[in-house]
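Visitor: Residue-level listing of the chains:
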Amino acid sequence: MARKKNEKPNETVTQGGENAIQNKEIEGLSQSQIVRRRFVRHKAAMTSVFILLFLIVAVFTSLEIKLGPFRWRGWWQFKYDELLELRTEGCPEGIVGCPTLDAVPSFIDGTPMGLGRHPFGQDDIGRDYFAMVMRGAQRSIYVMVVIGFLAAMIGTVVGAISGYFRGWVDAVLMRFTDFIITIPSIIIGSVVGYHFGNLGVGFLAFYLGLFAWTGLSRLVRGEFLKLRELEFVDAARVAGASNRRIIFKHILPNAVGVIIVSVTLLMSGAILLETALSYLGFGVVAPDVSLGSLISQYQDSFTTRPWLFWYPGIFIITIALSINFIGDGLRDAFDPRQRRRLTKKDKERARAQAKIAANND
Amino acid sequence: MLFVILFGSSYILYNLAAISGDPLEALRTSREPNAAQQIITLTRELNLDVPPPLRYFIWLRGILGIFVGSPDFGEARTGQQVSEMIALAIPTTLRLVAGATIIAIVLGISIGIITALRQYSRFDYAMTFVAFLLFSLPIFWVAVLLKEFLAIQFNNFLSNPTISPPWLIGLSLFSGIFWAAILSGDRKRVLIVFSGVFIANAALLQVLSVTQWFADPGFGPIVLFLLSIGVAFLVTHLSTGINNQAALRSSLAMAVLTLVLYYPNQWLFEVEAKTVVFPLMVLTLFAVAATVPLLFSRIDRGPIIRTSILSAFIMGLLTVVDKLMQTWRPYMETDAVYYRPVPTFGQTNALLEPGNFWMTFLDLLVHLFLPTTALLLISFAGYVRFSRGTLLEVLNQDYIRTARAKGLTERTVIMRHAFRNTMIPLTTIMVVDFAGIIGGAIITERIFGWFGMGTLFNQAINSLDLNLLMGVFFITAFLAVSANLVADLLYSALDPRIRAVSRSK
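Order-wise, the sequence lines are chains C and R.
If you count by our numbering, then the first sequence holds residues 76 to 436, one letter each, in order.
If you count by our numbering, then the second sequence holds residues 28 to 532, one letter each, in order.
Hints are computed from structural coordinates only; laboratory data are not their basis.
Each residue gets a CB set at the ideal place from its N, CA and C atoms; glycine is no exception.
Hints are supplied without guarantee of correctness; some may be wrong.
Claimed, not checked - Facing chain C, according to a computed beta carbon distance under 8 Å, are these residues of chain R, among others:
#1 Leu29
#2 Ile32
#3 Ala44
#4 Glu72
#5 Leu160
#6 Leu177
#7 Phe181
#8 Ile469
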């Protein structure tokens, strides 16, 4: 409190300066440029973007991929379902398949840093756990992207139509949304996953995506109800634009902030939903693995072989956390009321400028 | 409206569930000689010859019995009545969810408000990070960690409750940084707060460690009295401001009463006729708390009575906590527990001899400890973010500027003008959250071996039991939909602006 009071006398001077800085910064920039600049300035979000990109590239290039004639060998030496000899040397008494990852530099513990043969250890029948975690992360990210994409598509279209047309279209669509919103997502997931889980992860993601759009469609509807009353929509209509054109060319670009933010948050929810379902046994089923099924499979071995439990969990958290931060950064960037927090340097500069201006008068 | 939504969503779920699995599948492939016969009986029992979109109405007919007073949820595949199974499961789930939700709300809102008041401080950034981290945690992963560190390791610690120096320094550092961040100011003040808390905390832990307090905890009358005085000051400060002498005096009087009544209370706690005595004690507590302020003030009694009731309530809780702490040692020494008090699994300790009220109560609380913590961690983050956002929005309003311009104290502006308006949207979120979490504790129940709604639901899916699944769903969906309705009504009751809007439509 004390600090605030000390600042008071200067405040009016500083305020003008601050506004000037803010206004100058966005002078002559388009909306998307402003958003991009704000986002780039959000440190946590930018760090998360880099971490997530790195993870995705690393995870998807690590194992063998076959897409028709195209074949990528993968930079990791083992396959996720390859049975290998269990390693015992270097492990504590009575424990097999311990991890070889050494993240401590050699000047501390005398052994050089490095991945070793099995950086994340091996599971109880000798499969390489690094490869399994990579495979699990691939599956989880895949499910997340499919759910996010489907939900974004359906949610935007349903919300846009019901918000734009209002009346009975709106009533019917929103009641239908209410029906689905009432059923908890984990119940839908379990019922769907129980049947479609064994058809492969693609089906699972597809069906989950068919039910994940409800929250988004409500948001989009609200945004459309607000935007359709504005003058530029009237102008477009007077100029003879069709409904479709007004929806997609005029209103949607203005609602894109809300959509992007809520889709990122939806995706971080989706990865948790997938892991929760796999944990309950309704999601990805053996022999395929996902991060959730790995944790579920090895939760009892936490006391003896904790690495089987730590690594998949760390991957889930890293992915979900980076997506949450990206979502937060995007929300700040798209929020028109959001003003940059001025650093001390900025304030001093503003004060100095104001002083110069005052002297010049 | 409520029934239309319930009808629609249950219709969708029924058909989804019906096509998702065939209950006859196991029998079709079985080689038992009477398989064909079993298929016929099962088909007749479950009405499998009727296609699902129509079969739904057979189920619905039973449910509609609600209107004539005898709802029929049908039988589960195990032959039990679904309504009975649900009636057994609901109290369990409530017990699990209620505590977690209440603590999450109180903690979440207080931390959310502090972060909003200290926007862009280091504390704000740290709490934002923690909230996002908690958002990203899968609950089953947290649960395994809790089992390891809060149960197994903590039990090991309790067998020899001395705190080692690294832990002592670590814990004191943590609380020092925490409080310094909350009470931030200029550098000198931060340093003073930090070192003060650090030293106090280290000394306290050292004393607790040397006296083996954790093996036989308890406050005793003196510490209880000191804590009560602290509560009196804190509650008065938040509720009416420390300058209100009458409020402060009546809260302090409650603290003195806590001390005076300490030994009578101990005796009353052990009385046989508990069902009569305990409600009476609670009633007396509130009656005394409501009448004492009348001695200290003749004018403006409302806020003073509120203050004294609040502090009396907290002091009463402290007295109960003290009693539970005294039960701790006998509890640990029973054969059923045998010095490993924190369980990782189950709802109650079946080996514990029944009869002792406080022992059973403590047993219940100890079993609630881990699942409640897990649920708390997950739902707490949402409240922090939401209350922070709402309060920041409120603080930007014109009436806050007006209140400040009038020269009101910062406390009055925050507690009376800002906090109350923050609570409006929060109340509605709470109602919806509470209903939602009843159906949503599926994973928590499974990990910690509780038999509630989530377990029933899990069982229903695994055995393709449509009646059970729909029964569980019907209850949770009914709660969710009516909670939404209540939330809407509450919102318009609390915020007059909403009413104006809906009328103009």
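Visitor: Confirm or reject each hint.
Guide: Structure-based check of each hint:
1. Because the beta carbon of Leu29/R sits about 10 Å from the nearest beta carbon in chain C, more than 8 Å, this interface hint is broken.
2. Checking Ile32/R against chain C by beta carbon gives a least distance of about 5 Å; that is within 8 Å, so the hint holds.
3. Because the closest C-beta pair between Ala44/R and chain C is about 5 Å apart, less than 8 Å, the hint holds.
4. The restraint placing Glu72/R at the interface with chain C is violated, with a minimum CB-CB distance near 22 Å, outside the 8 Å limit.
5. Using the Cβ-Cβ criterion of 8 Å, the hint placing Leu160/R at the interface with chain C is satisfied: the shortest such distance is roughly 6 Å.
6. Interface restraint check for Leu177/R: the shortest CB-CB distance to chain C comes to about 13 Å, outside 8 Å, so the restraint is violated.
7. For Phe181/R, the interface hint is violated, the least distance from its beta-carbon to any beta-carbon of chain C being 14 Å, above 8 Å.
8. Hint status for Ile469/R: holds, given a least beta-carbon distance of 6 Å to chain C, under 8 Å.
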